[in-house]
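Chains A and B supply the protein sequences, listed in that same order. Numbering (our numbering) for the first sequence: 3 to 208. Numbering (our numbering) for the second sequence: 448 to 997.
These are calculated hints, taken from the structure and not from any lab test. It is possible that part of the hints are untrue.
Straight-line alpha carbon distances no greater than 27 Å define the calculated DSSO-like cross-link-like pairs of lysine-lysine that follow [said to hold, decoys possible]:
hint	chain 1	residue 1	chain 2	residue 2
1	B	836	A	123
2	B	940	B	749
3	B	847	B	907
4	B	615	A	157
5	B	749	A	65
6	B	836	A	116
7	B	615	B	593
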Amino acid sequence: MSQDLIVGIAGANGDGVSRRTVLKLVAVVALGAAVGVGASAGITHWGRTAPPPYRFFSEAEAKLLIAICEQIIPRDDTSGATDAGVIYYIDRQISGPLARHQQSYRLGLASFRKTCLQVYKTPFEELAFEQQTDALRLIEEGNAPNDLWGDPSQKAFFDLVLDHTRQGFYGSPRHGGNRDYASYRMLGLAYPNLIGQNRYANGRPI
Amino acid sequence: MSFPKVNAVIVGAGAGGGIVAKELALAGLSVVLLERGDWARYDEHNDDELQSQRTPALGNPFGPDDRRHRRVFVYPNGSTRIVLPSEGAYSNNAGCIGGGTVSYGAMAWRFMPQDFRLRSTYGEVKDSTLEDWPISYDDLEPFYEKAEYEIGVAGDYTNNPFCGPRKKPFPMPAFPYNKEGRRIVETATRMGLHPFPIPMLRNSVPYNGRPACIHMRSCVGFACPVNAKAGTHNTVLPIALATGNCQLRTGCVAAEIIVDDRGHARGVRYFDSDNRAQEQPADLVMISASATETARLLLNSKSKLFPNGAGNNNDWVGHNLQGHCYVGAFGLIEEEVYEEAGPGATVGISDFNHGNPGLVGGGMLANEFIDLPYRFCDVRPPGEPRWGKAHKDFQRRYYKHVVRLIGPVQEIPNFSARVSVDPAVKDAWGIPVCRLSGTRHPYDLQGGEFLSKKAEAIIKETGATRVWRNGPSLWLSGGQHQAGTCRMGNDPKTSVTNRFGQVHQIDNLFIADGSLHVTNGGFNPVLTIMALAYWVSDYIKTGWKGSKFR
Ligand SMILES: Cc1cc2nc3c(=O)[nH]c(=O)nc-3n(C[C@H](O)[C@H](O)[C@H](O)COP(=O)(O)OP(=O)(O)OC[C@H]3O[C@@H](n4cnc5c(N)ncnc54)[C@H](O)[C@@H]3O)c2cc1C
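With the rest of the complex left out, here is chain B (with noise of 0.2 Å):
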């Protein structure tokens, strides 16, 4: 069946999806939102470890299920796997609407000036497609700022000499260092380093009509059962629904971009929530399917023009797939330093982000979000038993006496860490899957070993007992801050969209979510996925005034 035409169909209801469908009805524009997932019901899930968008070990409570979903993840030697969205090969982030926001930590990190200028600042790097974004810091402020404001940040960069400059204050104010917090920034001061509380997207007093954060230890992978921690799901949405310009449709699975003889997006064919095959046709299409599917979406779309997938006649899209390389380091200390306030991450340090000798780049350091018992199991010095009383004793023991400081280290780009479409695995629609293949550039293994020994060299200092490091690995990046598969540049040899996020030689078809960073900054992702979307948006709206999309 094909529905009546509207002036925008967008896929996914995630972080970008969220802020574009407010962006455009609000603007005026007739816009259909699908959306694979549904609203997540807090009922169902509450303080489960095992059903944590973090330990899934009994499924993704906010998406995608087991049952209809697969990938297949393609190992450095060859060989391949089918995985599930619970398996951490899948790569998952989230499905559901408000996508990622639901379930996240919800650290609000900007990007640093330089994140934007890695190749100018940088030089090139051996076997890398490392590369400046076709925007800078500057031009994404204002965006920052309203994502700041409209989902709502409580931060303080008082102390923070890196960060980039901005016009206004955050509109909460932060939250309190907790007890591993303090001793950590105690520790950093003394050691002349600049600590700061971690900025978030959560409210730290009554804010836009939801209340403040109550400190529930089961935060992180969880959904917020008193609506303190802002996402698109709980902010932007609601508006974009009350415009009455915005319908959502949930439980539709976008399946291919409909792209004509001439080269225009017409619109998005898609399955409803009864499986039943639908075509929503559009003046404008925007993917924002996150960097996996976004991708997964356009190879899909092969039309005449686009043999090999909408956007990708210099075959980029898919390439370039990012995410963070975790480091840090872990000791055990005498004092209880647990304390039962999550969600437990409130420090974080960024001395070591840019400006290292010799290292293209660096990463933001912060303390930890609650390890909840099942994954404390893995909190360990290397060689400690596994199992058996000595395992158990650990836990017992140091359930609440370990400090951390871990950081995600700013990837370097592998053009062959990608996602391609299985050539035979599809999903319960019939779709073909993602394949995941590659490994991280060789470079990242030097960024981590730099990072976590930084991290180290704190955590001893912080009277902590036994010190150990978490290092690097190869293993393909992805999975919850994944990025960088259809990213924006001048060139379109070298690139998927423009500046705008617009695909190259597809002028009505848009991306707005992590598929668009050049970089993946050496911080978690979210607030500049939300900049971006803002700055797509605004983008779009500008040009539907003289009606340039239709």
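Looking at chain A on its own, in the form it has when it is part of the complex (with noise of 0.2 Å):
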């Protein structure tokens, strides 16, 4: 693939590109290459190497949203929320056009985790799968201590989190989700969605 991309870049070296841009290019792809190779062994999508810090989450904050988000979309024979990055979605966005929800989600996850000490002696991530399900559906419903949640509510932010897992997962993988288009694959979808050429400019095609 080096290769190719070499023979790529000399052909552009004769169209004006200086002959030190063309080795700072090689140098490039080669040391990309090979991070490429010692980090990708047991790792099935490509490109994937050590997860990126959050902007926005601490590790305990983005463990807990982790395992909701999973919750909500999991895997099963296709991939599921973390699998698609989910949370990478959620922590871009409100570090970005959703920063109004940082408060919802700092004060919400906390929230959260009181919850399911005080009803389930364990932290969320630890309980089994089907007892996990048992805590969401009970904040989902409202059923969880009152006195636990206050702004936001448990219901809102349940609903909150669950918005936010669908954008990630069926969104486009733009923005940080639905990594390796794995929702669009598993339903079934054409991407990436390609068009024409066209390019605009002042609103009039060019």
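Take each chain as given, in its own frame, and dock them per the hints.
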């Protein structure tokens, strides 16, 4: 593969790319290949190396949220929320266009944690899958101890995570979730949705 | 700063405003067109469902943005909440050049003759401001035709016996039915109904210098990558600009119509793209900012003779907010009816728009635009789980196996469903924002029950194994189909403009957008908004020759 690239770049060199640029690019390609080989052993998904650090969540918050999202869209014979990187979608979006929900996540996850400790005497992540389902249903229906919840309410928090999990799993991969088009593949949808080479400037085709 | 005076200043380059700009500029008037948004650029959003105008999870791709705009929503229990443009309760349509016509689904319905005469056809409805339009289908017919030819509609009404008379055929052949559509056509025909292809503001063949549709699955909610979907941005606006008489200023937010002490409109005060306060004086002022924003602008324009806002001495501005209560039925079907051919809605049925025993009005039914995967998460029979393996299984199993028929119920106008101006909350420019309050008229529950049951009966006959209805709700209407807030009428006491969109008592102030609708039909509204814009322009052009508005 790096052979092809070098040929391609060498071709571009004739059109004005400097020799130094070519060498730099070659070096980057080579380095990328080396890292890729080293880290991809045992990983099924292309390009996934060490998980990037979260922008908003602490490691502990992320761990809990990943477990909740996996309940919402579990892995079976096809990818689930964890495989599809839903956590990265949520983390990125609430550090961007959905920043207004940061507080709800911070407080909601804390209430969620306390709820499980009080009701099940165990952190959510450590419950068996079926127990996790029960715990989540309790919160969805607003039946967990109310004194552990303020704003967001338990129902509101559940609905928020539900909606964002669906977005991360079923939305476009460009926002951090739906890795490898997991949901499109599951639904049998053609991807990516290619169109012509049309480009616009000032509203007119160029 | 104040600019030199022009003949006409228009606020809003959407469905209505785009057409008026072209008509006036071509007639030789000097025009300034103020639009708060900008040209939509396809590259910035492509086929991303989370940045679709239909499901704007990450913000409205076609505006307005969440950063600078706000509204106040009043719940039926009286509590209020500040809402952002990408939230449903904001009741958004769009905010870019072309307005809703860039990202719309492009269904191109004419209203039926009865839609303009609901009150005289059906009589009074209790606690409603139901009224006839001051103009008839026949008045608008030539202007519907003009919209169909100038913007461009593909259709064929051979099998639709219910439509009003038309002088010319559609300029383009109809689109073929998709798989789901064919199943519905077979079934409905067998049941004695009259299905026909949905007329579309979309090129079925190359037309007006633009190519034919390439059938993207991401069509409704998105801009067209090849410009096959026709809006004002790629049809009339380029013509307006080419005359040299129309100056388009983007990123300009109108704040107020300047009305002098003698009751004449003098121009528009606005903030330009650098947020500087500006004034554009003009001989006549045209407001085409959509039903919610037009009402807001009038209400924010207080003057000596109109202390409660321009044209609002009888307190009708902002009332009678309408849209469409969408109802219908869904069915799960063995056959794979999904087809990778957007936008997906292909068949319409008009048998239930009028003449339904015991019912005022009714509505059209059509199969649905393709539901992209995120939106499909809520397409569920009652009682289906919202999450977990069962939800995922449903997605996987039925995504391509749903037949749908849904439609807009003709809403009964409710005076208390309204846009007012919030006394406290302001947008980023310090302009008081829309306050939305009220509910639909209770009668709409009846219309919604009726239409959804008709849809259910058809879906059951398609061979679907599991069928469910989506019934009506009283939730305040508006949104994409917003209309009715500055209704036209012959009586200045019960309307805001005369039959030509001219605001009562302010001869040089006009409106041309969904606000004018007295009632909103049992159809998507945009072709009627376009026809009205031609109608209003025609009146202005005629009067202009005698310098009536100078
Ligand atoms: C996703 C979607 C699908 C739709 N599908 C259909 C369909 O299939 N068929 C159909 O008939 N209709 C459809 N519609 C609705 C249709 O787009 C609207 O009915 C139509 O655009 C309304 O026309 P208008 O002129 O009233 O307002 P708009 O088209 O909304 O134009 C108003 C313009 O005014 C601008 N503006 C507002 N306030 C200001 C201000 N203060 N200063 C400067 N500019 C301002 C706005 O930015 C906007 O560009 C759809 C809409 C959407 C969003």
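Which hints from the list above does the structure break, by number from lowest to highest? Violated hints: 4, 5; rest satisfied.
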